[in-house]
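A.B. asks: Using the sequences and the hints, build the whole thing.
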Amino acid sequence: MVKLILRDKEYEVKAGMTLLSALKKCNIVPESVIATRDGEMILEDEILRDGDVIKLVAVISGGTW
Amino acid sequence: MKCKKCGEKASVNMRQHKLALCKEHYLEWVPEQTERFIKKYEMFTHDEKVLVAVSGGKDSLALWDILHRLGYQADGLYLGLGIDGGIGYSHESQRLAQKFADERGLKLHVVDIEKEYGQPIPVLSEISHRGHGKPCAVCGLVKRHEMNRIARDLGYAVLATGHNLDDEAAVLFGNTLNWSSEYLLRQGPVLPSSDGLARKVKPLCRFYEREMTAYCLLRGIEYIYEECPFAEGSTSIYYKELLNQLETARPGAKLTFYLKFLEARKRGDLFIEQNVGQAHLHPCPKCGQPTSAPGLCSFCRMIEKTQQLTLSE
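Chains A and B are the protein sequences, given in the same order.
Heads up: the first sequence at position 57 corresponds to 181 in my numbering, and the numbers run straight through without jumps.
Heads up: the second sequence at position 291 corresponds to 722 in my numbering, and the numbers run straight through without jumps.
Sample of chain A residues at the chain B side, in silico, Cβ under 8 Å:
1) Pro154
2) Val181
3) Val183
4) Ser185
Read the hints as simulated data drawn from the structure, not as lab findings.
All of these numbers come straight from a predicted model, not from anything done at the bench.
In this text, a Cβ means the ideal position worked out from N, Cα and C, and glycines have one as well.
C.D. replies: Okay, structure coming up:
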């Protein structure tokens, strides 16, 4: 299995799928996150391997100027 | 996916540009593009002193980093807003802004709103009854006022903020939904200086928010990741989420939305009815009916021409 972590939420998907498929399966908008594995950024075509822990960095921030 | 420049494994893929780059080439590309936008929109020159509004977040620290690397005279301004939210939000964001400045030997001006005006932002908001129970309206007002005041008091030619394309597209989306013509006509990469107002520029306005996050991660810039406790559920975040859904299905949609707006604004295409009605119609000197060109109207020109032809036959 592959674990995806976004802030305080965790998701699990099967190994062998691409990052893009995994994000869609978890209902995460790909454009709104950056994925890292072992501290390295990975792209949407990356195949996820069994035991991977994917940390997702949220990119949206709010605020008023 | 491979880097378009060197063929090594890519770290960032920008579908709107059909461009994937490795870490090394991405970190070169972002400052190059920033320099291009600064020149294209005539934001400032290397001879001018720039004050960068620094919040401790990814965009403003990335902007300061880029301007410093490009050799601009860029100092920072941090406004202490006094927001805690149970996570020491302001304290932590100030620590990160100061750390960034110290590591690079940069000058950071720090202004504490409570020391200046007696109360932190949440209390100012509560006392003034502005903003429907949330301090965001007061926070925005105070930041705009103070940034302008300090830029002018300290003699900076220009004030730079870290607004990215997602910020701009979200504001544009909101203003379009409301047809806020006054705001639409003012939105852009540069707000020129006017009586009492410093020039304001947004050098990152053509980068996606995702690209600025990638820049900080790849450059190793430590920024405050936690959201402002009061921003949760905000309209701007909701609009950004909607636009990102659109972008996922239609790569480049956000960029096109913003750039086509800037083009239309520059051409004067926005709110053309008002332009036509007020600026371009003149009474025809013969019949008195309105006409778009000076002199006779098309009808009178046509009649005059036919009469001349009839007489000459």
